[in-house]
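**Student:** Model the full assembly from the supplied sequences, consistent with the hints where possible.
In order, the protein sequences belong to chains A and B.
The first sequence finishes on residue 562 if you use my numbering, and the numbering steps up by one all the way, no holes.
The second sequence finishes on residue 404 if you use my numbering, and the numbering steps up by one all the way, no holes.
Simulated from the structure, these hints should not be mistaken for laboratory data.
Source: prediction; values computed, not measured.
Hints are all accurate, no fakes.
Some chain B residues close to chain A (C-beta under 8 Å, calculated; not the full set): (1) Arg58; (2) Leu63; (3) Phe109; (4) Arg114.
Glycine residues also receive a C-beta, built at the ideal position from the N, C-alpha and C atoms.
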Amino acid sequence: MKTRLADLWRWCLSRLPEALFVLFVLALVPMVVLGVRRLLVVIGTAVASPSTLFTEAAANLWLVAAVLVCLVGFAGLVVVMWRNWGLIWAVARKMILEAFHRKVVIVLLVFFVVLMPSLPFVLKTEGSLKSQVQIVLLYSLALGMVLLSLLAIFCATASICSEVERRHVHITDTKPLFRWQFLVGKWLGIVVMCTAVLYGMAGGTYVLIRLLVMDPDYDSMTAQEVNEARDERQQVLNEVLIARRSVTTPLPDVSAEVEAEIERLREIGKMSPYVHSFRKTTTEQMLSRKMSVPPGASHRWDFKGLEPQASGWVHVRFKGYWQGGRGIHGFWWPVRVEMAKAEGSAGEAQETMRRLMQIGAPPGGWTNNVSHELKLPARFINADGTLTLLYENAEPGMPINHSVVFDIESPVEVLQKEQGFLPNYYRSLLIILFHVGLLAALGLMAGALFSFPVATLLVACLFIGGLISPWFAQFVEPNIYARLTTWGEQLDRIWRAAASFLLALMPNFSSFSPLGDLVGGRSVPWGRVASAGSVLLLIKGGAAMLIGMYFYARRELARVIV
Amino acid sequence: MPATDGTVFELFELTKVFLDFWGRASVKAVDGLSFDVKRGEVFGLLGPNGSGKTTTVRMLLGLLFPTSGMVQLFGRTPRNVEVKKRVGYMPEESHLYEYLNAEETLDFFGRLFRLPRAERHKRCEALIDMVGLRRARKRPVGQYSKGMARRIGLAQALINDPDLLILDEPTTGLDPIGAREMKDLILTLRDRGKTIFLCSHLLSDVQEVCDRICILYGGKRRAIGPVGDLLTTHEEMQIRMPRVEEEAIGKVRDVIRMYAGPDASVEVSAPRRRLEDYFLDVVEEARREKLTTAGAERGTVAAAFLGGATDGEQLLQDLVKAGRQDEGGPAESGAQPVAAVPVQRDDEFIAGLVKSSSRDGSSGRTTEEPGAAVTPEAVVRRDVLDELMGTDGDEKESDEDQAR
Numbered sequence: 001m002k003t004r005l006a007d008l009w010r011w012c013l014s015r016l017p018e019a020l021f022v023l024f025v026l027a028l029v030p031m032v033v034l035g036v037r038r039l040l041v042v043i044g045t046a047v048a049s050p051s052t053l054f055t056e057a058a059a060n061l062w063l064v065a066a067v068l069v070c071l072v073g074f075a076g077l078v079v080v081m082w083r084n085w086g087l088i089w090a091v092a093r094k095m096i097l098e099a100f101h102r103k104v105v106i107v108l109l110v111f112f113v114v115l116m117p118s119l120p121f122v123l124k125t126e127g128s129l130k131s132q133v134q135i136v137l138l139y140s141l142a143l144g145m146v147l148l149s150l151l152a153i154f155c156a157t158a159s160i161c162s163e164v165e166r167r168h169v170h171i172t173d174t175k176p177l178f179r180w181q182f183l184v185g186k187w188l189g190i191v192v193m194c195t196a197v198l199y200g201m202a203g204g205t206y207v208l209i210r211l212l213v214m215d216p217d218y219d220s221m222t223a224q225e226v227n228e229a230r231d232e233r234q235q236v237l238n239e240v241l242i243a244r245r246s247v248t249t250p251l252p253d254v255s256a257e258v259e260a261e262i263e264r265l266r267e268i269g270k271m272s273p274y275v276h277s278f279r280k281t282t283t284e285q286m287l288s289r290k291m292s293v294p295p296g297a298s299h300r301w302d303f304k305g306l307e308p309q310a311s312g313w314v315h316v317r318f319k320g321y322w323q324g325g326r327g328i329h330g331f332w333w334p335v336r337v338e339m340a341k342a343e344g345s346a347g348e349a350q351e352t353m354r355r356l357m358q359i360g361a362p363p364g365g366w367t368n369n370v371s372h373e374l375k376l377p378a379r380f381i382n383a384d385g386t387l388t389l390l391y392e393n394a395e396p397g398m399p400i401n402h403s404v405v406f407d408i409e410s411p412v413e414v415l416q417k418e419q420g421f422l423p424n425y426y427r428s429l430l431i432i433l434f435h436v437g438l439l440a441a442l443g444l445m446a447g448a449l450f451s452f453p454v455a456t457l458l459v460a461c462l463f464i465g466g467l468i469s470p471w472f473a474q475f476v477e478p479n480i481y482a483r484l485t486t487w488g489e490q491l492d493r494i495w496r497a498a499a500s501f502l503l504a505l506m507p508n509f510s511s512f513s514p515l516g517d518l519v520g521g522r523s524v525p526w527g528r529v530a531s532a533g534s535v536l537l538l539i540k541g542g543a544a545m546l547i548g549m550y551f552y553a554r555r556e557l558a559r560v561i562v
Numbered sequence: 001m002p003a004t005d006g007t008v009f010e011l012f013e014l015t016k017v018f019l020d021f022w023g024r025a026s027v028k029a030v031d032g033l034s035f036d037v038k039r040g041e042v043f044g045l046l047g048p049n050g051s052g053k054t055t056t057v058r059m060l061l062g063l064l065f066p067t068s069g070m071v072q073l074f075g076r077t078p079r080n081v082e083v084k085k086r087v088g089y090m091p092e093e094s095h096l097y098e099y100l101n102a103e104e105t106l107d108f109f110g111r112l113f114r115l116p117r118a119e120r121h122k123r124c125e126a127l128i129d130m131v132g133l134r135r136a137r138k139r140p141v142g143q144y145s146k147g148m149a150r151r152i153g154l155a156q157a158l159i160n161d162p163d164l165l166i167l168d169e170p171t172t173g174l175d176p177i178g179a180r181e182m183k184d185l186i187l188t189l190r191d192r193g194k195t196i197f198l199c200s201h202l203l204s205d206v207q208e209v210c211d212r213i214c215i216l217y218g219g220k221r222r223a224i225g226p227v228g229d230l231l232t233t234h235e236e237m238q239i240r241m242p243r244v245e246e247e248a249i250g251k252v253r254d255v256i257r258m259y260a261g262p263d264a265s266v267e268v269s270a271p272r273r274r275l276e277d278y279f280l281d282v283v284e285e286a287r288r289e290k291l292t293t294a295g296a297e298r299g300t301v302a303a304a305f306l307g308g309a310t311d312g313e314q315l316l317q318d319l320v321k322a323g324r325q326d327e328g329g330p331a332e333s334g335a336q337p338v339a340a341v342p343v344q345r346d347d348e349f350i351a352g353l354v355k356s357s358s359r360d361g362s363s364g365r366t367t368e369e370p371g372a373a374v375t376p377e378a379v380v381r382r383d384v385l386d387e388l389m390g391t392d393g394d395e396k397e398s399d400e401d402q403a404r
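**Tutor:** This is the structure we're talking about:
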């Protein structure tokens, strides 16, 4: 019996690489199909209205560049793989077998499987179903991403270093394959394996979330509990398990006013020597002032680029602070702006606002410094895709004597349903996969240059550096407190340029991270997927692979580097 | 430009200096080495430990780069992939992937030569039989003994039917049977037109199989030439004869001294058997008693796909293999070793035929199989012949079933 089981296990393991590759291809099929569909739409637009496309392309140059890099890069990758498939797959297949024989994958999977279901019980939430789902989704994906990153780093460095240190290359390098094919094969093996593991983890997370939002046993509940449970469930479906387009209004440009203020203070001789610091704080103050609503006053937002809808809902998300200390009060009004002449007047038509609906604060107001969502009928969106909102800092029967300040870091936004949750989830997973692909390339590059401990340490440092780079980036900003001499200023500039360059080289995942948007029910657009694919995978990952190939091809493999 | 004068590889003033961390020369492993090897030769590179043999081999394979001088393999740089297609290499230690079993190992290396699936499978089977690892084919290579690992190392070196086989210490780690088989294989491959380059410090092995040798010391060439020329002592002679009385010996001494002078030294002694021959006889006896072993089995003759095998040879080898399978030979079923005596005889008989059909008949097994010779017809079955002659596969299967 044991022998048969062992044989069966061995048989399964020997077929595993092919099975994982099929999974990998299936995982990429939606990307290709949706990408081609998108491309066809763009081509259709170009044919129908070239000027519109040109204007849009000119307004989104970075996006266009990212898409072009993706198209060229992925096409090149496919051609390279196609032409060298036999050799590359032979190496990739062995890489997968190696990883499973090392038991690393199994240990990480077990770790994830044990930890993930315990998240809802371990993590503290606000108590609502929505926050529970958000926390589970966020931490499961973050956990999966970290585990996969470690897996990619370890597999890449350990594999390439052990090939050299255990002298396997003494045999493989005498076979008719180029060394770059060997590295590409290793990379493909890691990516195929990580894709399967990632989609396995993501599938587990999705099942867990679906279990959380499953209908409870309504029969054992009171009518009020049933209503509350249904509302909570509906809230999760409408605000988390969904992909919504996010539309914001740009913050007002206050730079001219800030510079004028600096000039004024200089003239009267009261300007602080810390110019950078002053500029930064004054900008923030002015923006906050612009985004504050004094007692009895109102503030208007014009959101553009929404899809006109006859039915359905949109959500308005805002975060603010009432200076009085208690919750935010006041009213939100969707309004229709019309141009009309006043009765009997012969002058020019004037803008008038017709209030369509009033949304008041709940008892006690909206909590300070917490994001809130309001639900509005989508029919209020104008035919040109504009929605105008008005907030009025007033409440009948209550003395309002403090301003409400809207957060400038997370400005007021309108969220409109674009797609279901799964396509959004899929795009998020693609971005995570690109990140893992980059780490695998970095691991191979380091392994091609250094011995195992050094290579692992190097890539781990890069990984951590990438994670903390947003925090580190603040140090690259002009030194706001330093009083520098001329030489000091020059050195400061050089240091900032070098640090910025190093930061740009880091595998900075946070600028593409889909986790915040996914958890907030916002769309992760294809544009971001293309940016992540081009920057993380094709440019940075490609550069790492090229460096690795260059040095590996010139390395004396029979000499072990310690 | 590929070589056209029969030169397989050429080393010209090859020098390798290893540098330390600071770029200072620490060791001069090879110093101005020059020689070439022609097609169909068995060439031995000899030298004590640290004489530069392995460094030379590694430069020949492109694993190390020469500090100065040049290596030309089939007229090109050793790192050219077209050149690598024609080379097989067995390193001193079998640096194979411990987690792959014999089949997976050979399949992996077969893929690297872009061998089609069916051909890969066929070669894997033939090589596993050849190196006697059929019973251990499913075991991970990491669990193999050193000798078994050497055998699979040899198999991987032959998967591409190489024109040049480079063997680094080929008999190290092998038991005397394995070493004998290795030497037989080298000679068989040489007879099939392969070029074999081996480096070793086991002088008796080299002496047995090499046509030419080069001796290194301190990275420099100290001697080079045909083995016969280098080893023949022209000042002395040796006579072998049946045992005779002491009186006759005295007369022989007298006659010799009459011609060689009265002070000439004449030694007379009874010849001793070589330990290798004696050992092989003992093992053969154990085999006849059907004792089992978990290790490597006896290998078959060189796999038929290894270039140069004649049609007749291939047919005979297929018959041998089929005869083995017929007896339930493969160990994957976990069955006990079969009573292989008739097969063993058949194997020996046909192997003998194969050798006698080889071009110069120089190869030969030293193991002897006692007992009456059995004609091939006694074990060769019709179904095998049908298969070889291209008869329908279904018929073959039904015949096999009947036979079972």
